[in-house]
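Asks: Chain by chain, the residues run as shown.
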Amino acid sequence: MMRLQENPGVWEHRGKVAVTGIGHSPTSRRWDGDPEHSVGGWTIVAIKKALDDAGVAPEEVDGLVISDSTTTGAFWPADKPLPEDFVARFEQTGDPMDGFGKLSVEWILKNMPELKNVKYVMTVPMCISFVMAAAFQAVGDGKTGTCVAVKGWHNFEGRYGAGGANSLPTDAGGGKFGAFSLVGSPVYPTAMQFQRYFHKYGGTHEMLAPFIVNSRANGLLMPEGFFAQHRPEPLTAEDYNTARWIAKPANLLDNDMPIQAAAAYVISTAERAQDMAQKPVYVLGHAGSGRTMGDMILPVKWRGSVESLEQAEACAAANARKIYESAAITASDLSFENTYDGFCMFHVFHLEGLGYAGLKRGEALEFFKTDISRDGPNPVSPSGGNIGSGRTRWWGFTDTIQQIQGRAGARQIKKPAEIAITGGMMPFSSIFSVLSATPG
Amino acid sequence: MTRRSPIPNDLDKPFLDACNEDRLIVQYCSACDQFQFPPEASCNGCDSADNFAWREVSGRGTIYSYGVVYDTPIASLHEDLPFNAVVIDIDDCPGINMMTYLPGTPVDEVPIGAQVDVIFVPTAATGQKVPEWQVIR
Numbered sequence: 001m002m003r004l005q006e007n008p009g010v011w012e013h014r015g016k017v018a019v020t021g022i023g024h025s026p027t028s029r030r031w032d033g034d035p036e037h038s039v040g041g042w043t044i045v046a047i048k049k050a051l052d053d054a055g056v057a058p059e060e061v062d063g064l065v066i067s068d069s070t071t072t073g074a075f076w077p078a079d080k081p082l083p084e085d086f087v088a089r090f091e092q093t094g095d096p097m098d099g100f101g102k103l104s105v106e107w108i109l110k111n112m113p114e115l116k117n118v119k120y121v122m123t124v125p126m127c128i129s130f131v132m133a134a135a136f137q138a139v140g141d142g143k144t145g146t147c148v149a150v151k152g153w154h155n156f157e158g159r160y161g162a163g164g165a166n167s168l169p170t171d172a173g174g175g176k177f178g179a180f181s182l183v184g185s186p187v188y189p190t191a192m193q194f195q196r197y198f199h200k201y202g203g204t205h206e207m208l209a210p211f212i213v214n215s216r217a218n219g220l221l222m223p224e225g226f227f228a229q230h231r232p233e234p235l236t237a238e239d240y241n242t243a244r245w246i247a248k249p250a251n252l253l254d255n256d257m258p259i260q261a262a263a264a265y266v267i268s269t270a271e272r273a274q275d276m277a278q279k280p281v282y283v284l285g286h287a288g289s290g291r292t293m294g295d296m297i298l299p300v301k302w303r304g305s306v307e308s309l310e311q312a313e314a315c316a317a318a319n320a321r322k323i324y325e326s327a328a329i330t331a332s333d334l335s336f337e338n339t340y341d342g343f344c345m346f347h348v349f350h351l352e353g354l355g356y357a358g359l360k361r362g363e364a365l366e367f368f369k370t371d372i373s374r375d376g377p378n379p380v381s382p383s384g385g386n387i388g389s390g391r392t393r394w395w396g397f398t399d400t401i402q403q404i405q406g407r408a409g410a411r412q413i414k415k416p417a418e419i420a421i422t423g424g425m426m427p428f429s430s431i432f433s434v435l436s437a438t439p440g
Numbered sequence: 441m442t443r444r445s446p447i448p449n450d451l452d453k454p455f456l457d458a459c460n461e462d463r464l465i466v467q468y469c470s471a472c473d474q475f476q477f478p479p480e481a482s483c484n485g486c487d488s489a490d491n492f493a494w495r496e497v498s499g500r501g502t503i504y505s506y507g508v509v510y511d512t513p514i515a516s517l518h519e520d521l522p523f524n525a526v527v528i529d530i531d532d533c534p535g536i537n538m539m540t541y542l543p544g545t546p547v548d549e550v551p552i553g554a555q556v557d558v559i560f561v562p563t564a565a566t567g568q569k570v571p572e573w574q575v576i577r
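Read top to bottom, the protein sequences are chains L and U.
Here the first sequence stands for residues 1 to 440, numbered as in the working numbering.
Here the second sequence stands for residues 441 to 577, numbered as in the working numbering.
None of these hints come from the bench; they were simulated from the model.
You may find that some hints are simply not true.
[What the hints assert, rightly or not] To spell it out: a stretch of chain L is covered by chain U in this simulated footprint if at least three of its residues, at any positions, have a beta carbon under 8 Å from a beta carbon of chain U; those stretches are: (1) 184 to 196; (2) 236 to 247.
[Stated by the list, open to error] Not the full set, but computed from the structure, chain L residues with beta-carbon under 8 Å of chain U: (3) D171; (4) A179; (5) H199; (6) S305.
[Said to hold, decoys possible] A short list of chain U residues far from chain L (calculated; beta carbon distances all over 12 Å): (7) R500; (8) V575; (9) I576.
Keep in mind it's a predicted model, so treat the numbers as computed, not measured.
We treat Cβ as the ideally placed atom computed from N, Cα and C, and that holds for glycine.
Can you build the whole structure from these sequences, using the hints too?
Replies: Okay, structure coming up:
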């Protein structure tokens, strides 16, 4: 189902699958204690909005693809009872955390009985990029004709990674020789790769500032996003350059901010999409890097304790080869791009790997000095990405769909929005999708 | 640095036992002619354990890159913030890197490309030794 191998060939369903409706819940920095704002509650909101947006009745939906993991890294304490009002508000499954600290198809269907004709369900690990690709494939394969793809995030109080094994003076974990055990900061491997990048190609951390500033500016024009809703202040280069270090050369603003939110998308056959309320956005292909093990999608295996810059670059280049082949396009066909950015430095790897705007390795920082805005010739992340709207990994999908439909509002790029790439996550574990205004 | 004491498991016990003897050993697959680290049950290249064995290596290496850590959820490291976290390419093992805090080198003065040599340092909680690297002066 996931096209992770080299030489994947042109996607067999190229142009025959379409996205139409988009639905977002509100956002919050953390769960505020209101059962309606739980990850389950907000997933219901997102699904209803997506169906309304597409003009699709709930009983027309016959497929549901979700990610069951909803944690930003924060977990509900095992010895803390679930809030009684949450338990009373929603139909429960056998798992008491369902709808609260995780999400199952069963929970959604129990609490949305109006989705009474769902016949195909699939649970996908982790990321919206994987969820969307799985839904595209399922529709293309004829397993579902009108499918909802959904992803939710919960963000409880507390710092992720604090406590538990990290509070002990011993380390019995499986990764005891790698960065997560010896450093703990998730951004460290990418920061270390970027230190090598500066050593190899030249450049400085400050040269990322135009990208960060552009992303936040675009994010503030994303009404569905966290910063537009809660912190609508522009970000300056000085803000970026003076932010505290987390793992130098990565500072606080190179890290995306966890939030609580949910999003849903309506995916259908291209034929079915013709009757929907929004203009169809056609899927030309999907592909990426990683390996599957049972139901899991795992990163590419590499030798050594930490992935090197060269390995990241090789994976980014492989991603480009695969997605371009899958979609039967070249870099010059891209009107814009909305690849993953949380950590922001991933975006450099993706841009250079894709050869976006003719970029080669080591050229992205100089490229950021040019006009990368939504009004320029080479729009970079018009969604604003996670940097611009908080950690969800879905802003690229929402923006790419809206740009191609011509309803991105103040974010609408000046040049025609015809073909674009979106998705992620990091180079060695990713699925990208190419979306288009025409079926090809 | 107050590094946590690794608790050996079946996979990494040979490696950690060797550290206690001031020796650095790395898994090697003779079929693929490649080293592998961290320890795994089978070779990443051929997915087999048939030609997998531990090999002692010199431990000399080259500084590949680093970061300076200012924030970590690992409690035992809090008092040492900020600190260097350095990646070493192991000279005898092409494609293999390992991590060190690079004792003896001031924070953020890590010389990428410099030659380093391994030392074995006891950890606080159990006394289990772990490899660290120092710049060869």
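Asks: Against this structure, judge whether each hint is valid.
Replies: We went through each hint and held it up to the structure:
Using a Cβ-Cβ cut-off of 8 Å, 8 residues of the region 184 to 196 of chain L lie near chain U, which meets the minimum of three, so the contact claim holds. Residue count for the region 236 to 247 of chain L with a Cβ under 8 Å from a Cβ of chain U: 4. That meets the three needed, and the coverage hint holds. Here the hint on D171 of chain L is kept, as its CB sits about 4 Å from the closest CB of chain U, short of 8 Å. At about 7 Å, the closest approach between the beta carbon of A179 of chain L and any beta carbon in chain U falls short of 8 Å, and the interface hint on this residue holds.
The restraint placing H199 of chain L at the interface with chain U holds, with a minimum CB-CB distance near 5 Å, inside the 8 Å limit. The criterion of a C-beta within 8 Å of any C-beta in chain U is met by S305 of chain L, whose closest approach is roughly 5 Å, and the hint holds. For R500 of chain U, the requirement that its beta carbon stay farther than 12 Å from each beta carbon of chain L is met, with the minimum near 16 Å. Non-interface call for V575 of chain U relative to chain L: holds, since the shortest CB-CB distance, roughly 16 Å, exceeds 12 Å.
Every CB of chain L lies more than 12 Å from the CB of I576 of chain U, the least distance being 19 Å, so the non-interface label holds.
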